[in-house]
Structure formats: C-alpha cells, structure tokens
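Asker: Use these hints to put chains B, W and A onto chain D, whose structure you have.
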Amino acid sequence: MNLFGKWRGHSASRPGSGQNARATIGAPPRWSMPGLGLFKGLVVTARNMMQSYYRKDRMTTVQYPEERVTISPNFRNFPFLCYDGDDPVAGLRCTACSICEKECPPQCIYIVLDRDENGKSLKRPKLFDIDISVCMNCGICAEVCPFDSIYMDGQYEMSTTDRFGGLLLGLDRLAKSADYHLKLRPLEASEVAARRKAEEAKKLAAQAAKEAKAKTDKEAKAKAAAETQTAATGKGETA
Amino acid sequence: MTPLALLLTVSSLLFTCGLFAVLTRRNAILILVGLELMLNAANINFIAFWRYGPPDPDLTGPLLVLFSIAIAAAEAAVGLAIILMVFRHTRSTDLNRLNSLHG
Amino acid sequence: MIPLIPLLILSPLILLAALGAVWNARPVHAALLLALALALTAGLYLTIGADFIGLVQFMVYVGAVAVLIVFSLLITRPGDEAEELARRPGAAVSGLACVLPVATVLLYAVSHTPDLSSGASESPTLPLQTLGKALFTDYAPAVLAVGVLLTAVMVGAVLFARDPDKKPPTPPGP
Amino acid sequence: MSLLAMSTAESSLWSPEWLPRLPQRLVEMLLRNCHAPDWLVTLAGYAVAAGTVVAVFLTAFALLSLIERKTLARIQNRLGPNRAGWFGILQPVADGIKMLTKEDIVPAKAEWFLHLMAPILIVVPSMLALGVIPYGREWVPVSLDLGLLFFFAVGTLTEVAVFMAGWASGSKFPMLGAMRAISQMVSYELPLIISALGVIMVTGSLSLPAIVEHQGTYHLGFIPAWNVFTPWGLTATLVFFIASIAEANRCPFDLPEGESEIVAGHMTEYSGFKYALFFMGEYLGLFAISGLFITLFLGGWQAPLPGLTFVPSWLWFFAKLVAVIFTHLWIRGTFPRVRMDQLMRFAWLCMIPMALLTIPAAGIWVFTGGGLKGWLVIMPLLLIPWLILTTIHNRRLAPQTRTYTFADS
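Protein chains in written order, with the numbering used here: chain D, 1 to 239; chain B, 1001 to 1103; chain W, 2001 to 2174; chain A, 3001 to 3409.
The reader is advised that the hints may include incorrect statements.
A few chain W residues facing chain B, derived, Cβ under 7 Å [claimed, not checked]: (1) I2048; (2) C2098; (3) V2099; (4) A2103; (5) L2106; (6) V2110; (7) T2130; (8) A2157.
FYI, nobody ran anything at the bench for these hints, they're computed from the structure. Here a beta-carbon is modelled for each residue, glycine too, at the ideal position from N, C-alpha and C.
Isolated chain D, as found in the complex (with noise of 0.2 Å):
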C-alpha cells in the first residue's frame, strides 16, 4: 500500500539532501515491503512527539510575552534620534539639515529648523516627526545622516490603540542617549563614539592652532609694528 512510495532516483540525484542521503544514495532497492515507507513515517512522527517531551532542543518555540529572544545587533526597526550627553534637547546630535527628509523614500519625515528671533538658523530641529505607519525600515535615512544623529532602533513592540497620534513619533520619542545606542549596537556605537571623538579631537586641535597661529600672527604682527616703529624712530633719530 505504498500510496507514497519511495520517488525511485530522486533523492539519489540530489547530493547530501538531508540525514538519508546515505540511505537512498545507490541502486534503489527493486522491491521493497509494501506498507514499509508509511510504517518509517509513522515511527519518525512517534519518535518527534516523544523526544519533544524530554528534549528542550527539539522544541523551538518561545513563549513570547514572557520570555523572548535577544535580537541581533543587525536587528533594525524605527529610527530613532541620538543625543550625547543626559540633555535630550541641548545633546542632540541632529542638526536639521533635512538630508534625511529628502532621501526618505515613503517622507515620512517631517523637520522643522528651529530658529531664533532675528530668523537666524540655531542648527537644531524644532519638530522632527516620523510617521512609523508610512516608514519603510529602509535605513536611508540612518545611511545618509552626516551627523552620526539617525539610526534604526531595535524596538519591535510599537503597537497603540492610537492609530494617529500613537503611531506619529515626535522628538520626546524619538530622542535616545548615545548609552542606549551603546548597547543596542555596541560595535557600531563604539566606533561610531570613537570617530566622533577623534574627530571631536581634531577639530580641537584645528581650533587651538588655529588660536596659536592667530595667536602667533598676531605676536608677529606687533612685533612686525613694533619693528617698522623702532625703524621708524630709528630713522627719526638718525635723521
């Protein structure tokens, strides 16, 4: 009764498919007990539920809201804002050059530049809106940033009764400290922290020889002044 009989030369012909690659690789057998394949089936199910009671292995399943699995660092969702420091508005690392606004393929970004009274740009967002009901996941936007400031989060549960509001992230949302980034992503956080930093460093070195050649202009300057004024009354005096 071998309705599902063996596929004679099938699993022969695939090199190392499985555990029965041996068994079925060679001359398949010309007669075989008829029943014989639904009987191995029938063992291999029996053996499956059984082991599935001793053997934790077997069993793969996590029981969600209790327990979960710990995502992978490649794991990536929403974006999210990234801030240095404890000031989530005065350590945002966001600039609102609206690169990210651009690139987003669904726009669902939304900056505003926040600006002071003489409309002079204060290179920090006064409204930055991600719509996660339109967003794509793509990470453009983290690709893009110049300023080490958007990344993709690894927070999955984002689910509200909300449908507007609750799924619209504003600022307070979205803003997360570098320490979190850190430890969602340590590798690329470090390095990330650690280019800023070396970058941190170079612009201040820039800056101080900067002040010392202004500084050492300077000196020559005067010393130059002081010079021709010396010449000067030098000449008066010789005159």
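Answerer: Chains B, W and A in isolation, oriented as in the chain D frame:
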C-alpha cells in the same frame, strides 16, 4: 379504510406520479427519477401484502422486494452510465435532441 | 386504528415528496425530493415491521441511487430552467391525459381489493434467519442471477463511463 | 423492551458497570414511583439514555478538538494551544464562544433552506449512529437486532447532506468539494461495508452486542478472541480502518476539504454556528466509526486479558476508543494528502478486492474451525493477492525518475 387499502392507494398514486414524470420530463436523468418512483410503488405493494395479507411464512413479498431493490440499483447504475455516455456525445441529456442515429 | 396513525402521517408526506420530484422545475430539487420520498418509504417499512427491508431500502436508495442521480445531474449540467417552465402547461395537459386513465384503473382496482387483513397477524416481524435461509436455499438461483447481473453492471458501467478518447493515465511525473 | 427488563434488576444498581446508565435508571425509578404509565417510563428512559450518549460525546468532541491540536503540535515539535486556561484546557470553550458569536452568513446565491438543512443533516446521522454502539456490558443505548445495518444505513445520509451543503452554497469551491466528497464516500463505503461482512458471517448476527459477545473468549487463556487476531480479521481490520479514515474525511484522505486547493470544500460558504456544526458532525462521525471499528474488530468492551475483567467494561471501550482516535491523529500528523486519482485507484483496485477476499477467507475460517489450520489455509489466500496488488500499485504510482537539467551542476 384498512391499512392495506391505504398502502395500495399510496402505491398506485406513487406509480402514477412516476409515470407522469416519465411521460413529461425531457431530461433523461429525471426520467430515471420517475422510473425509481414506479419501482418503489411496486415495492410498497409487496410489503403491504406481506404485512396485511394472509400469513406468509415463506416471506415471498420481502424477498421479492430485496431482489427488486438490487435490480433497481443496477438499473440506475447502468442507466446513468448510458446517460453520461450520451451526454459526452451530444453535450445534452435532453432526450428530444437524440433524434439522429449518426451522432 | 392505532397502527394506522403513522401510515396516515407518512403516506401524504411520501406523495407530496413524490409530486415534488415529478413536478419541480429544478432538476437538483427534484432529485433531492426523490431521495426524501424514498427515505420516507423506508420509514414506512420500518413502522409496519419490515425493519430489514426498510434499512436496505434506505441504504440502497438514499445512499446509492439518489446520490448517483444527484451526482450525474451535477456532471451533466441540466438544461435551462426557463425553457422547462415554458413547456410546462402543454406537458402537464398531455401527461395528465395519459396518466389519469391509468390512475383511475389502479384506484378502481384498489377499491375492489377484498380486505385480506382478517387473516393477518397483529404485528408480524421479519424473521431474518428465515429470510437468509430462503435466500440461500430456495432462492439461490435468483441470488446467483442477481450477483451475475451486478457484476455485469459494474463492468458495464466502468466500460461505459470510461472516456474513449483518453489515453491511459501516465504515471505522474513530479 | 429489553431496556425495561434490565432496569428492573435493582440488585446491581450501584455497581460501576451500571454507572453510565445511572441517570436513566434514576429517572425511570422516579417516574415509576410517581405511577407514571409504562410507555412514559420507557420513553423517558430512552430520552435520558440518548441524552447521556450525546453529553458524553459532545464533551469528548470538545476535548478532542483540543487534544488533536496538542498532539499535532507535539508531532511537529510545537507546543500547541496553551493560553486559554491551564494547558489550554479552556481552548474549546474559547473556540465555541468565537464560533457562536460570529456572523451567520448566507450567500446571496445560496438556497437558504438547503443551506440551513445541510449542517443539521450532517450531525443527525452521526448522533443516530452513536446510539446503537454497545459501550459496555450493560450500556447499550438502543439495542437493535439490525444495529450494523442501521449504522450503515444512517451513515449514507451524510453523503446527501454533503451534497446539499455543496450545492446549496451556490459557488464553485463548495461544489467541487462536494463532488470530491461524494465520489470519495461512495467509493470507500463499499470496502467499509464489505469488510464488515466477514464479521457478520462469523457471528451470524447483525446485532452489535451479539458481535461483541462473540469475541468474549480467550485462546490459550490469554489471547483475546477478537476478530483482529484472525487472518481474515486482520485484513478486514486494515481495510475497514483505512476506509473509515476516508469516510470520516480525515487526512490523508481529506480531499473534500483540502485547504490548500479548494478552501474548505463543501464548508466554504458556511460560518459561525453552522460551520461549528459541520465540525461537530465530522468529529461525532469519527467517534461513531471508531466505535464501530472497535465493536467489530477490537472486541468492543471486552477486556484484553481475562484477569482484567474487574475494570468496568465501558472503561475498556473508551480506552480502546482513545487508542483508535490517537492512531487517527498520528496518521494525520504523518501522511500528506493523496491526489484524487490516487485515492480512486486505491479504493477500486486495492481496497475493494482485498475486502472481497475477506469474505471467502472468513468462510474458510469458519469451515476449518480456525486455529493453525485456518491460518495456514487463509494466509496465502490473502497475502499473495495483497503483494501482487500493492506491487502493481507501487510500480504504477511511483513517480518517474527526475532529470534535472540545470540543478545538478
């Protein structure tokens, strides 16, 4: 009215119904329906006479009904097989369309 | 008169179902009503003591014949309902003209049937042992004949139903 | 009337053997003390007996719907439903509430009357069939002389019901599903009934209690004389079991409702309570056919060893029922669904010949008086055709060798 007369009346009316179906229907399968009704009417007669007639230790009536049921089943099977074959030929079970020998 | 009550209930139901089977314009309804009529007849047999016959009738007629009819109705896609309705009055007249004489004769014969029930026992049951013995002794030739018939029918039905143009089924390649 | 006679035997009222009949007997005693007329006592007794059976099997249905999911989950190394209550024990309740509160949709093109009747007609035959099975030595809800015939006769009603469901829904998938279901049921009913004929021949009765009584002795003092332990009985058991899987529309013969092909077959257009009724009918049918299987071949309520008769007989019946149902679940968890042509060819070219062979085999068994002689005569009669048939089948059904043009590089 005695039970026998009642059953006989039912059986004759059933037979009439079946005959009517055979005469008026055009769909071959529904003609078979009429035939089944007629056979059934005959069976009722056998049972009625066995039950309400004189004692019948040989069980002639029920035995005849058994054979009649077997033959009715055979008749239905063959009839429907023929109808299916005709249908395959002419794409119709309307007996009025079976008017030419050269299908 | 008490044994008459189930008969009085079942008989009109059988006739109504049969009328429906005969006169319903939708073939599938007609076939289902035929099944109902046959099932009610089986019930009639059960109430008057022919248990075995009733159950056999139910099994063969409802389970096999009615289902077969219904099934072939499905396969053959019966014709237009409107056409059927259009030719109904004429069909009814001619059909009745043919059928009424038959019905008259039959009912006349029934009304002149002598009352035989005086000799009948009160509630006879169908003795299965006797039935079986009779089938395999006195009626053995008939049983054999029916067996041959059924075999022939099975073979014949298979041959008829086979599609002549179809090639023999090839083993299914994956 | 036998029921009335039994219930007057007051002496054994409180023995465990009588436990399932207790409600019925209490009602009868109560009514008799109130000087109710005899017919009323009988009627009420039957009603309560029927109510007991229905209550038992509806509970079993609810439990099975959970156990099936749990077992299948374990076979697939999952956990199964475990949220509603302790180990998911309230899952059937949750399912029931869900089904009952769903909207009951009747499609615009449906025939509402037939659409309504179909689920009812699915449930009724299964319940009727459950009524004639002997569950215990003293627990036969309705003892019919023609019990087996009644069972099969009532079972045929399911086909009509399935057809009604498929046709009355007025759409394509139900129609296709119904056609598949009917052709499958008609094809597998034949081996089902024919394989039961051997039992009838050996027992000489159509009464199910008599069939169980006939299997009540023990060979050599410990091998129960069940029909399965005879050569013809073994063949008939296998044929009957396979046919019963097909009759119950279960995997691997669940083509009528093959989800991946035709949505849900004849149940596609049903929702809410009617859909639940279809499921109930299916599961009750499974119980009924498994109960009949146990009665015919596995000795009914007989104990497997002579020393174990102190356990109430109905407990043995239900233990066997659990085993048979578990086998059904196991098979469902193991085998993939067959194709329509495989199904048909298997029924007509393998099952029916084997079923037919069990009839002469049973005759020879009776004629030779069983024992070793019977085995020696009958085994070749059954084994050789089986090997020939299955070998032919294997050869014809085996898929051809695949040749990969690009994949093997």
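Asker: The structure should be examined with respect to each hint, and the outcome stated for every one.
Answerer: Outcome of the hint check:
1. I2048: Hint holds; I2048(W) Cβ to chain B Cβ min 5 Å, cut 7 Å.
2. C2098: The hint holds - C2098(W) has a Cβ within 7 Å of chain B, the shortest such distance being about 5 Å.
3. V2099: With a minimum Cβ separation of about 5 Å from chain B (threshold 7 Å), the hint on V2099(W) holds.
4. A2103: Holds: closest Cβ of chain B sits about 4 Å from A2103(W), inside 7 Å.
5. L2106: Because about 4 Å separates L2106(W) from the closest Cβ in chain B, which is inside the 7 Å limit, the hint holds.
6. V2110: With a minimum Cβ separation of about 4 Å from chain B (threshold 7 Å), the hint on V2110(W) holds.
7. T2130: holds (6 Å)
8. A2157: Cβ of A2157(W) sits 4 Å from chain B, so the hint holds.
Of the numbered hints stated above, none is contradicted by the structure.
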